[in-house]
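Peer 1: Residues per chain, in single letters:
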Amino acid sequence: MRYLPHSDNERQQMLNSIGIDCVDELFASIPKSAIKQGQFDLPNHKGEFLVAQHLGDLAKKNLSANDVPFFIGAGAYHHHVPASVDHLIQRSEWLTAYTPYQPEISQGTLQALFEFQTQVATLMGMDIANASMYDGSTATAEAALMAKRITRRKKIILSGGLHPQYRDVVHTYLDNGKDLITLDSTPDGQGDISSQIDEQTAAIIVQTPDYFGSLRDVKQLADAAHEKGALLIVVITEIISLGLLEAPGNLGADIVVAEGQSLGNSLNFGGPYLGLLATRAKFTRQLPGRLCGQTIDSAGRRSYTLTLSTREQHIRREKATSNICTNAGLCALAFSIHLTLLGGTGLTKLAKLNHKMARELANELQKNPNIKLLNNSFFNEMVVRLPKAAEQIVNNLANKNILAGMPLSRLEPDNRQVENLLILAATELTSSKDIKTLCQALREELL
Amino acid sequence: MSMNSTGRPTSANQQNKVNAAALLPDEPLLFEVGRLDSSGVDLPEVQIDNSFLGGFERQEKLQLHGLSEPETMRHYVRLSRLNISIDASIYPLGSCTMKHNPRLNEQMARLNGFANIHPLQPINTVQGALEMIEQLADWLMKLTNTPAISMSPKAGAHGELCGMMAIKAAHDANGQSERNIVLVPESAHGTNPATAAFLGYQVRSIKANENGTVDVSAVIEAMDENVAAIMLTNPNTCGLFEPDIIKIADAIHDAGAYFYCDGANFNAIMGIVCPGDLGIDAMHINLHKTFSTPHGGGGPGAGPVVLSEALAPFAPVPFIKKGGDNITLVEHVEDSQSLGRLTAFHGQTGMFIRSLSFILSHGIDGIEQVAKDAVLNANYVKVKLEGEFSLPFGNQHTMHEVLFDDSFLAGTGVTTLDFAKAMIDEGFHPMTMYFPLVVQGAMLIEPTESESKYSLDNFCQKMLELAKDAKVGNVERFTNAPMRAPRNRIDETLAARKPILKWVKEE
Chain A
618 MRYLPHSDNE
628 RQQMLNSIGI
638 DCVDELFASI
648 PKSAIKQGQF
658 DLPNHKGEFL
668 VAQHLGDLAK
678 KNLSANDVPF
688 FIGAGAYHHH
698 VPASVDHLIQ
708 RSEWLTAYTP
718 YQPEISQGTL
728 QALFEFQTQV
738 ATLMGMDIAN
748 ASMYDGSTAT
758 AEAALMAKRI
768 TRRKKIILSG
778 GLHPQYRDVV
788 HTYLDNGKDL
798 ITLDSTPDGQ
808 GDISSQIDEQ
818 TAAIIVQTPD
828 YFGSLRDVKQ
838 LADAAHEKGA
848 LLIVVITEII
858 SLGLLEAPGN
868 LGADIVVAEG
878 QSLGNSLNFG
888 GPYLGLLATR
898 AKFTRQLPGR
908 LCGQTIDSAG
918 RRSYTLTLST
928 REQHIRREKA
938 TSNICTNAGL
948 CALAFSIHLT
958 LLGGTGLTKL
968 AKLNHKMARE
978 LANELQKNPN
988 IKLLNNSFFN
998 EMVVRLPKAA
1008 EQIVNNLANK
1018 NILAGMPLSR
1028 LEPDNRQVEN
1038 LLILAATELT
1048 SSKDIKTLCQ
1058 ALREELL
Chain B
32 MSMNSTGRPT
42 SANQQNKVNA
52 AALLPDEPLL
62 FEVGRLDSSG
72 VDLPEVQIDN
82 SFLGGFERQE
92 KLQLHGLSEP
102 ETMRHYVRLS
112 RLNISIDASI
122 YPLGSCTMKH
132 NPRLNEQMAR
142 LNGFANIHPL
152 QPINTVQGAL
162 EMIEQLADWL
172 MKLTNTPAIS
182 MSPKAGAHGE
192 LCGMMAIKAA
202 HDANGQSERN
212 IVLVPESAHG
222 TNPATAAFLG
232 YQVRSIKANE
242 NGTVDVSAVI
252 EAMDENVAAI
262 MLTNPNTCGL
272 FEPDIIKIAD
282 AIHDAGAYFY
292 CDGANFNAIM
302 GIVCPGDLGI
312 DAMHINLHKT
322 FSTPHGGGGP
332 GAGPVVLSEA
342 LAPFAPVPFI
352 KKGGDNITLV
362 EHVEDSQSLG
372 RLTAFHGQTG
382 MFIRSLSFIL
392 SHGIDGIEQV
402 AKDAVLNANY
412 VKVKLEGEFS
422 LPFGNQHTMH
432 EVLFDDSFLA
442 GTGVTTLDFA
452 KAMIDEGFHP
462 MTMYFPLVVQ
472 GAMLIEPTES
482 ESKYSLDNFC
492 QKMLELAKDA
502 KVGNVERFTN
512 APMRAPRNRI
522 DETLAARKPI
532 LKWVKEE
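Keeping their order, the protein sequence lines are chains A and B. In short: position in the first sequence from 1, add 617, done, that's the working numbering. In short: position in the second sequence from 1, add 31, done, that's the working numbering.
No lab work stands behind these hints, which were simulated from the structure alone. All values derive from a computational prediction rather than experimental measurement. Using N, Cα and C, we set each Cβ at its ideal position, and we do this for glycine too. Not one of these hints is a red herring.
For the chain B half of the interface with chain A, some residues (derived, Cβ under 8 Å), not all of them:
| no. | residue |
| --- | --- |
| 1 | S69 |
| 2 | A160 |
| 3 | A225 |
| 4 | L407 |
| 5 | P513 |
| 6 | I531 |
Bound conformation, chain B alone (with noise of 0.2 Å):
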């Protein structure tokens, strides 16, 4: 141990570990430090006649607690501290990239020319905001070498929903409504599957190959005249390109059916690969992942879906036109083979500000150094852990992010979620896990572009020990994980098993 003058320790690493209970405070609910009668904002009791109420005023009074505004900041302040966030400490989430949110684009999206502006305002008066969606619609076309774009979806499953409309409505466009089967691979995202029995096709499953992709022969073995589409997350979920892409588009277009491109891992490639130059038909992006709107502990979200020239004339409605000086928004089409509206205004502009103010920040540059520090950081700590840890698909490079299995755990008694709970005490966000369902016990590691070669460092060494630690035999650091968290192992079945879903006072 390195000691100053004084005697002390000075290397991070040796200080004792802090039990931190007095600064993680419980906090009660907000109905039992509230009060029925208590308001933290001053309006005027004004009186009112009830003649234009129609008889349908509330006949109790309201039973809703209320705070004074510094009883507010304390009880939200107090229950924020018991959250880890990104800002705090690396959040490795596979196929969730959670990367750096600049302030910046936080403080766009609050200009009182944004934030102000109502969605059905006359048109002339919103030129701005169609402007700033005009510009980033532009990027995200180019980026991806798409003619079309929608920027509607709310989220990306949302847009999963709007591709699979578009090409659903090609097909009936073209006399093909007979065609009900949807492909599938096995490390798809829930929400694939899910979005195509939604729309009621069913949905084929297609096994990756011993490499963790997908192989156009299995793509061709699943084809028939009933196929639609097929939907393939590109990088898959295994953190692999599938070198296969081209040669699936062409099988897929050959039968007369649609490519269907998830793009939540858009950021492994953007600045080198464009989907639209692999023979996509439509993408969504996911704004919150790769272009860092922030996820705000479970949304919004904003997912654009870009569109083959043969699946544009199904986008849904708005969509925005330039012409001469003016920026208009097509609101109605007659007689169109439109999708229809998937929702009610113009979708997530707060997002779209955000999104653009990182995009113009970064440059396509930027962007392009974005990907290659993403790819070369998960790389990185593949190389690290390796060691240690074990790759399904054998030593191969990765992109954005790295599968672990959980055979290098066998015997220990410690299975993948024990270890995920046990990197809670270590002070990190677990990686995914059990997804890709493709493999055994899956630990997905996405370091992102954010995190820096000290973060990384620190990571992987604490990563290293947990696993030496788990194959000595300490299994009980494991399955009493967390320890050192604002709360110990929760009891998820017990949620599950007797709903509580809402506070009642008790009697």
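Extracted from the complex, chain A is given alone in its bound form (with noise of 0.2 Å):
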């Protein structure tokens, strides 16, 4: 067994070391009743290539977003990772090393979390930012439970337009949907937010660009939740939008929650990715997860480590403010070395990019009568209403090799209102090409 370093003369000698003549007898504090009786009804070891090979015949299976014209966003996006991203992370101390627990040792991934948490600020307009959470979906969640604990209130407020999965997470942590208030999800009426705040209300919950692609007035949201003393989380599935637009935090957003994904991180199927999580510097206590501060060592030198961990669940037990052990370290390495490579002008670059490409698509697409765009505002995703339902439109197109978007009855299959809607995104890697034969395809099916 190639992993596996001990030979049987080995093993045979640690057994003399130990004083035993048969590894069985470490084992002999498991009742007997508890020992596995019989065989397993599963294979035997294989070498390198049959492995590979396996999972080299189930990768074949799947339809690469590489390898068509491709429209699917909806709160995962196909972009282009730099090629000297996963390089680095992929080097042995990046990627073997535990959390920084001994920072002594660990300085690399300190000041890496160091830049990534100051990175990220920036981006978001805020003060502070943590070491990232497990996706945005959770971390959503978590910032309504955080708005909780900082306003002593319990009402949350979910805007219509939040990603519906997003809106399930957050349901699901909050006791069900306990105090939670649901706005209609419809890509043309926002629903009326401010109306529904009151003293009650420890937050309201925004997505821009919401799951529909169109963009929300962050300021005006604000200023109403802030007027009741209610606190405003902006969430953000795109974080390449901030290339091109106002941070939330410069817009009077309390914590800002964003998926991280589109920037060092592949699709992969919808995991893992990275939660990213900012606020105002009065709320860092109240912060979940990880956070990294700089300090000083013995000799005076400038050197970080994780710090306000009596937050945490391996001090407080409890009583922490979360019980999150784990941040997703590499997924932000990555995000970090991406947006490092990008800077602030090459992040702008990309996103006017990535908004160009959304118009043109926009634009190909009303050139077909029978298909009508809904979003008067977008960044690079929007909704168009077909004349027929759009999952069999989008199953037809998959048969042609083309991945057209996702039909909103995917994630709502109850809501006979979004049954002809249509979300498609455009990213840098779509061509004009693709355009012209994703709207070729969609002529032909709307005949």
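Put the two chains together into one complex, using the hints given.
Peer 2: This is the structure in structure tokens:
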């Protein structure tokens, strides 16, 4: 077995040192009735190329976004990741290190986290960011809980434009939707959030660009929330939008959460991704998750360490701010390296390119009189109304090797109002040729 | 000392201690080496009109520093050299299972057909991915002998949340919502009480006996009609198999409560004991521990949860269903008892590929050998060290990790923390310290199956030298440690007292 170092001879030497004849004696404390009887119905070990063939065959059965005209977004986006990012994160020192609990021998990870926190806070226009969360959806739920701790109020209001799966995760985390107000989810009616805010409201949660791709007026919502002493939580699923759009922190947001996958991380069929969470300095001690801070060593040198861990479960146990133990370290590193390569100028260029391709997609789609664009604003994603059920059309186009977007019915099968609606995204990887291929195929479907 | 024909020493142990500062350069912050107008990515400058941006464009230029590609490589390579890693050294963190991370796994996760598929593609374009998840799920259910699994949880603590939510949902469905207490042994991971409290439960602590395990009588004594569940780690965090575990499961079930098992230490028993046979109702499996997905400096993890028949109806969405030639992904359930959704999309697919690659490589024969070697290694370390170190629970065989306390350091002026920092100067990552909380100054050593006999001998030899040195009064070696790491002792108190959580430009 190539991963196990001992020879049988060495095993015997070690057993001799322990003073026993057989390794089974080490398991003698296990009650007999607990030991597995008989054989498992499972195969024995395989060499490297056999495993590679097996998994390679499974991978080949999937249709890759790299190989076809591709227009799916809805919370995960197909972007280019520079070659150097993946090379760097596969270095042993990043890949195979543990959580930096021993700061003297983990300054690489810690400094990278400190830089990551600074980048995220800057991007969002906030004072501080944590060292990352599992993903955007769980970060949203944690932000809701954080707002309840800060305000000591119960009610959370979800805007109708929140990604339906994020909405469901918040619902699960908040004791099955206890004290949760969920506004209707339709692309045109954005729901009157302001009238729902009252003195019991801890926070309103709004996504921008929202689930339908439309941009929301953060400033106005922040003012409405603050007037009643509530907080505004802004959710972003396409982080590249911040290359072009105003940072939520500059518009009055109190907590900003985001899915960071678009930078540095592949689609990976939904995970692992990384959640971003940023807030005002005054809320630092209510933050969930890990934080890295600057300090000095005994020789007075600038150093970094995990800090404020009295908020966390390994110190506070049942009194912790969250049960979270880990962050998304390697995904956060990939995010940070990609953002370093881009810099502010590169991110702005990338955002503009995304918007340009989305505009081109919208223009080409609208040339078909059967397709109606529902957005007045968007960054790189939009909703169109088709004359018939979107799911069938998407499936038909998939059979022609075009991944045409996501039918809204996928996430809301019971909502008949969205049956004919399709969400499409464009990125820097979308070509004019891809757009023409899609529109031609749609013309044939909608004849 | 042995010499070769040219009179140079040949024994590695006799080499002079090298000051490696030249290879461990300090690296300025990105914000000190980068420029606001620098970039390492070539992108076209495109013109856009703002008619679809709703008036929400940035008013000021984004103040993010950039680096060219060669500068980026240098920055992150130099930073990386300040880290210790499994590939470079034994990493004997108890309860963390820092085993080798096979590179085949990394290659498999990056195959075009896995890395570049979207979670919301039509189901018939991702059949290979669903099949992959189904195969991993099948292995995990068979290895645990359980009938159901949720693949959603993003990490171990997320898995705990999943399992405990299923337990809560089951009590609610059975009209037992008033049950508000969860039993947690004192030796538990901090996540256990935090998870229970997160769900509104009160935590009732259970004491260990003098052998470091939980007696069924202690559980029965703590039991009443308000107890919803017990959260028990097995093998426990003292490295011991809970001998009463089946009796505890019976007692819990007789009282109408459920048994959550923390599976962090599954590495010790996989292929030998099926937790389902012990009577557990839910157990998370840390793929980043037992199944070798890289820790990555703190995540991403993955924590699938196996469930008993009683809890299966309460599993979260989504789940995979096999029917005929096709595999479907159930993302919505109507009128069901499901606890809901724990995360967007379908869990940590990239981690599933790595784990399945590890599992197929080992096979069931290799998996059983993993457990045996992990336990063999821990006992070997125990036997080598027990002459100088102190065992809190008497001389018994241990499972995959060995626990010492700090009584061997009594009167030396050296603490567990000092000892750990001195290990750094010998080139090792320290063991887990001050955990579990049930022993004074705990030192929890988990070598894993990945360490060779040579590596263990070397580690033990240095550990014994350190212990002897502490006892003869060479205190400075410990209290000043580390002296040969990229940093000396770091002031963690200052970091917490005056938090600096991001870089700010000096005026």
